[in-house]
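Q: One-letter residues, chain by chain:
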Amino acid sequence: VTPEDLDPPPHLEDRIVERLRAHGLLRTGRPWSGSALAAAATLVFGFTLGAWWPAPRTEVARGPRFLLLLYPGREAQVVDRDASARAHAAWVAALRERGREIRGERLAPDAGLTIGSGGAAVSEALQGFFVVGAPSLPDAVEIARGSPHVREGGRVVVRAIDTPSR
Amino acid sequence: MTVSSEERALLDAVRRGEEAAFRLLYRAHARRVYSVARRLVGDPHLADDVAQEAWFRGVRKLDRFRGDSAFSTWLVGIAIRCALEALKRRRRDATPGPEIEPDAPAHPELRLDLEAALDRLAPGYRAVVVLHDLEGHTHEEIGALLGIDAGTAKSQLSRGRRALRLFLGRETERTTP
Numbered sequence: 017v018t019p020e021d022l023d024p025p026p027h028l029e030d031r032i033v034e035r036l037r038a039h040g041l042l043r044t045g046r047p048w049s050g051s052a053l054a055a056a057a058t059l060v061f062g063f064t065l066g067a068w069w070p071a072p073r074t075e076v077a078r079g080p081r082f083l084l085l086l087y088p089g090r091e092a093q094v095v096d097r098d099a100s101a102r103a104h105a106a107w108v109a110a111l112r113e114r115g116r117e118i119r120g121e122r123l124a125p126d127a128g129l130t131i132g133s134g135g136a137a138v139s140e141a142l143q144g145f146f147v148v149g150a151p152s153l154p155d156a157v158e159i160a161r162g163s164p165h166v167r168e169g170g171r172v173v174v175r176a177i178d179t180p181s182r
Numbered sequence: 004m005t006v007s008s009e010e011r012a013l014l015d016a017v018r019r020g021e022e023a024a025f026r027l028l029y030r031a032h033a034r035r036v037y038s039v040a041r042r043l044v045g046d047p048h049l050a051d052d053v054a055q056e057a058w059f060r061g062v063r064k065l066d067r068f069r070g071d072s073a074f075s076t077w078l079v080g081i082a083i084r085c086a087l088e089a090l091k092r093r094r095r096d097a098t099p100g101p102e103i104e105p106d107a108p109a110h111p112e113l114r115l116d117l118e119a120a121l122d123r124l125a126p127g128y129r130a131v132v133v134l135h136d137l138e139g140h141t142h143e144e145i146g147a148l149l150g151i152d153a154g155t156a157k158s159q160l161s162r163g164r165r166a167l168r169l170f171l172g173r174e175t176e177r178t179t180p
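Sequences listed follow chains A and B, in order. Here this note's numbering = 1-based position in the first sequence + 16. Here this note's numbering = 1-based position in the second sequence + 3.
Treat each hint with caution, since some may be false.
[As the list claims (entries may be wrong)] Examples of chain A residues lying across from chain B (beta carbon under 7 angstroms, computed):
hint, residue
1, 22
2, 28
3, 32
4, 35
5, 41
For the record, the hints were derived by calculation from the structure and aren't laboratory data. Think of the CB as a built atom: it goes at the ideal place given N, C-alpha and C, for glycine as much as any other residue.
Work out the full structure: start from the sequences and follow the hints.
A: Shown next, in the form of structure tokens:
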């Protein structure tokens, strides 16, 4: 059994939900909401398997922002997803303590769907993203260099977000 | 505090039947539950069924979860029981084949790797070996999860390991010039 074998197959979640619905144990409809519950999602997710950090209700920073796109490195790396999630959560917390605003998500390990045609659009490899506030591109690059993703052998593409001039 | 107030709120929402809350809870603990199921039963399709059953029972019995342990521990306990039931069913339905018992005579004709050897272990032994050696639980935790004494868990571990060593050792002897 390899570490990948221990990941639940993607279809399992829907199968379980369907069964629970069929037995009247779950219902669809009103979206799950409320600040206390959002906080619960944050904690449960942020430090286990899901998102790497709490999703803030506010937008990231006014001022320059950068998109960090996370891709695999040249060499295939076996990374423990839990350990990686914890490392990213710690990294984000440390950046926030230093006054950086940052948010982002880890993407599900599937190719997703490409809508429309033409041009280059390779979604398969993309593993996750961050939006980070930083004074300049070199600062954003410095942040990217310090990310657990790079330490784990991954690549990070840093792009400036186009901010309308005021 | 074993269950944080945030997780308690999430569990309350699942008790009320809120699907989105369940999906969050699932994603938080899915790997933990599935990995135990997969390691215990080996076969991925059976592991799917075990994980599904564990989640189903977990939600159905959620009112009985008092928060004395972490939710994940409670749920993993359910998953282990589901896995043991599935293993017993599989053995009952399967054609009888060679099975490892700690004191069984040698089967030098068998070519087994660790995974296959685990498959041959009786479910109780397999559970303690997997939970201790692969999942990193203590004897006390295993005792609590399986509903047996810590001492029994320890002696079953020792017998299970001996059975594995016997088979794997024989394999090595057989394949080494």
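Q: Which earlier hints turn out false for this structure, listed by number in ascending order?
A: Structure breaks no hint.
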